[in-house]
Amino acid sequence: MLSNSLIELDRAHLVHPVASYRGHEKAGVRVIASGAGATVTDAAGRQLVDGFAGLWCVNAGYGQQSLIDAATRQMQELPYATGYFGLGSEPAIRLAAALAERAPGDLNHVYFTLGGSDAVDSTIRFIRYYWLAKGQPQRDQFISIEQGYHGSSTVGSGLTALPAFHAGFGVPFDWQHKIPSHYAYRNPVGGDADAIIAASLAALDAKIAEIGGPERVAAFYAEPIQGSGGVLVPPDGWMKAMCDRCRSLGILFIADEVITGFGRTGPLFACTDDGVVPDMMTTAKGLTSGYVPMGAVFLSDAVYDTIADAAGSSAVGHGYTYSAHPVSAAVGLAALHLYEDSLLANGARAGARLMAGLHALRDHPLVGDVRGRGMLAAIELVVDKERKTPLPAAAEPSRRIFDRAWSNGLVIRAFANGVLGYAPPLCCTDDDIDAILERTAQTLDQTLEDPDVRRAMR
1 MLSNSLIELD RAHLVHPVAS YRGHEKAGVR VIASGAGATV TDAAGRQLVD
51 GFAGLWCVNA GYGQQSLIDA ATRQMQELPY ATGYFGLGSE PAIRLAAALA
101 ERAPGDLNHV YFTLGGSDAV DSTIRFIRYY WLAKGQPQRD QFISIEQGYH
151 GSSTVGSGLT ALPAFHAGFG VPFDWQHKIP SHYAYRNPVG GDADAIIAAS
201 LAALDAKIAE IGGPERVAAF YAEPIQGSGG VLVPPDGWMK AMCDRCRSLG
251 ILFIADEVIT GFGRTGPLFA CTDDGVVPDM MTTAKGLTSG YVPMGAVFLS
301 DAVYDTIADA AGSSAVGHGY TYSAHPVSAA VGLAALHLYE DSLLANGARA
351 GARLMAGLHA LRDHPLVGDV RGRGMLAAIE LVVDKERKTP LPAAAEPSRR
401 IFDRAWSNGL VIRAFANGVL GYAPPLCCTD DDIDAILERT AQTLDQTLED
451 PDVRRAMR
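The numbering of the sequence shown is this note's numbering, which starts it at 1 and goes up by one.
Think of the hints as simulated: they come from the structure by calculation, not from any bench. Note that beta-carbon positions come from the ideal geometry of N, C-alpha and C, so glycine has one too. Possibly wrong hints are sitting among the right ones.
To be verified - With a straight-line Cα cutoff of 16 Å, these simulated EDC-like cross-link-like pairs (lysine to aspartate or glutamate) come out: (1) K385 with D369; (2) K26 with D403; (3) K178 with E210; (4) K134 with D309.
Unchecked claim - Here are the computed distance ranges between Cβ atoms for each label pair: (5) A302 with A27: 45 to 53 Å; (6) A360 with H16: 32 to 40 Å; (7) R30 with A302: 42 to 50 Å; (8) T321 with Q136: 27 to 35 Å; (9) A345 with D174: 46 to 54 Å; (10) D236 with E77: 42 to 50 Å; (11) R387 with R73: 54 to 62 Å; (12) A360 with V316: 47 to 55 Å; (13) D305 with S20: 42 to 50 Å; (14) H24 with V189: 37 to 45 Å; (15) D42 with G105: 39 to 47 Å; (16) L78 with A360: 45 to 53 Å; (17) G168 with A193: 31 to 39 Å.
All chains should be built: construct the whole structure from the sequences, respecting the hints.
Okay, structure coming up:
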């Protein structure tokens with residue numbers, strides 16, 4: 001009864017993110033009632049292994065008492081403190097210091113946001129200010145990567161290169177440019193790492209020349225792994241090569257670690273493994289394990305000092321009411337302790353088990369590619385392995401595969417092109433990982449029997 005009541009209330013009033021509004025009204029909501037570890041329970045009492053950690057964010061897993069206690073204590077002591085007027089709170093100050101200490105290179109300055117989208121938005125504001133302060137206002141062009149995701153704010157969605165985030169919104173803007181993805185499985189130059197890196201560098205050079213030269217380009221944005229584009233993993237050395245090229249041309253290099261940060265790929269930050277020190281870095285999601293909203297922009301000494309010196313005694317006019325929220329910061333500190341105490345190591349072990357298990361599915365008739373790093377992975381399904389023919393649109397991969405997995409007791413990300421995305425909590429046990437793999441195999445077998453898939457295979 002309660003579930004039916006909630007479904008009707010949801011249908012009538014709650015607008016869901018990135019959804020077909022009419023389609024959702026017709027289908028109705030699936031209500032998640034509780035979670036523990038890597039498992040969630042729906043309103044009907046059905047338990048599912050969450051192979052996607054909510055939305056790539058519940059890195060610590062559900063029900064971590066230390067995070068709950070941190071939020072509770074902070075709510076009792078000081079539920080809100082503004083960062084305006086020279087004010088602050090102890091948790092926010094300590095979290096900024098702890099993050100700066102652990103960040104790559106000289107990313108010593110942290111601006112807190114509410115999430116990933118406004119973190120990206122904030123980088124654009126800071127970059128504009130930086131180049132005006134440097135006396136180079138003509139550097140007003142931004143470059144990102146096809147199939148990349150940089151949030152859904154008005155300007156961030158233009159850096160994002162996924163059609164659903166552009167349709168009907170009048171973006172991207174004419175100062176937002178794209179180069180092709182490194183997408184190894186479908187790269188025109190093939191799968192050779194050196195060839196892919198060379199092609200990406202050539203594409204960046206060509207785009208810069210098309211725009212009018214490096215003196216017109218403000219910044220280049222890249223994810224260490226392209227998450228929402230289908231978990232696209234670049235070859236080793238790709239991030240560093242792109243960063244080095246930008247640096248040689250005086251273009252700011254921005255690493256978007258909203259998905260990859262906080263143990264998702266192994267270390268606290270993926271840039272560490274890539275050997276990259278960006279000029280700015282965005283994070284969110286795992287920062288608080290999704291328990292409360294928070295994002296962060298890391299600024300290098302050079303970027304921060306340029307902005308600060310140019311402003312002098314004047315205020316830098318960028319801020320949010322909930323920036324450096326003390327409750328979010330307290331949870332962030334507790335999450336950081338959890339990661340370093342045990343979860344990074346456990347995530348590395350669990351990630352190795354996950355990747356080995358997914359690779360063992362390569363012989364399945366539908367599996368064209370398996371890719372990933374740590375606890376971030378994907379399987380790409382095809383109906384013809386030699387031709388790499390995607391699942392047909394008639395098979396509704398996003399809806400049907402998600403539904404099958406859900407029925408099998410598994411939550412994954414099912415992309416419209418037949419890619420299955422995985423981002424389990426770092427707390428996963430061997431049994432959790434094995435359940436993900438077993439239920440994935442079951443879902444693949446059911447998809448193989450889909451009449452639309454069989455028809456495409458013939």
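Exercise. In ascending order, which of the hints set out earlier in this document are inconsistent with the structure?
Worked result: none
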